[in-house]
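Let the sequences and hints guide you as you build the complete structure.
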Amino acid sequence: MPNPKRRMSKTRRDKRRTHYKAQASSVTACANCNETKLTHHACPSCGYYSGRSMFIPKS
Amino acid sequence: MRHNVKGRKLSRTSAHKLALMRNLSTSLLKHKRIRTTLAKAKELRTFVEPLITKARRSDLHNKKLVMEQLKDKEVVKELFSDIVTTIGERKGGYTRVVKLGRRLGDSAEMAMIELVDYNEISNQKAVEKKDNKVEKKKEKAEKKAEKVEDAKVVEETKNK
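So the protein lines, in turn, are chains S and Z.
Here the first sequence is numbered in this note's numbering, starting from 1 and rising by one per residue.
Here the second sequence is numbered in this note's numbering, starting from 60 and rising by one per residue.
Among the hints, a few may not be true.
Derived contacts from chain S toward chain Z, CB cut-off under 7 Å, selection only [to be verified]:
(1) HIS40
(2) HIS41
(3) ALA42
(4) TYR49
I should point out that these hints are in silico values taken from the structure, not numbers from a laboratory.
Note that beta-carbon positions come from the ideal geometry of N, C-alpha and C, so glycine has one too.
Here it is as structure tokens:
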């Protein structure tokens with residue numbers, strides 16, 4: 001079976017990995033209470049989703 | 060290729076999965092709104108909605124078919140009486156899934172699944188909106204009528 005001839009140096013390995021980046025999660029302001037919330041999710045602080053209250057949060 | 064492969068496995072054997080779906084749908088019909096993982100909620104839709112459709116036809120045969128799945132007699136009774144009347148004319152789409160964010164511990168995406176006609180908080184708003192629309196239409200019609208009357212009066216005074 002073919003195998004790598006040389007060990008990959010730390011630099012080459014790390015250079016390759018410079019393109020591995022964490023994606024920022026998409027966040028918006030809630031239309032009802034202006035609190036930050038995840039898009040396409042119910043607002044955790046007021047329970048609103050797409051302009052309507054879905055549930056009343058515990059607090 | 061995943062041709063003709065439907066549904067989620069949910070990391071369970073088929074028997075375990077069936078039992079889970081039965082339990083979840085019993086809970087949903089009992090409490091009208093439950094909180095589970097997103098995958099389970101989405102899978103549950105394909106299981107309960109046909110049961111509710113069967114209940115809407117509500118004859119003995121369909122009742123027996125539903126009884127095969129739901130082991131709680133009280134829940135079946137409620138489904139065939141209260142839930143069916145509340146749902147009324149709605150043709151499918153009896154449930155709603157809303158994402159709630161991730162769970163602490165295993166970071167599983169959580170969701171709320173509910174019977175659409177039982178969400179009093181959101182339905183209230185919808186009803187209010189409808190009422191507002193109707194009222195606005197009435198107001199507009201009244202305004203138009205007033206305008207027409209005013210115009211008539213003006214014409215009459217002009218004629219004099």
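Q. Out of the numbered hints, which ones does the structure contradict?
A. none
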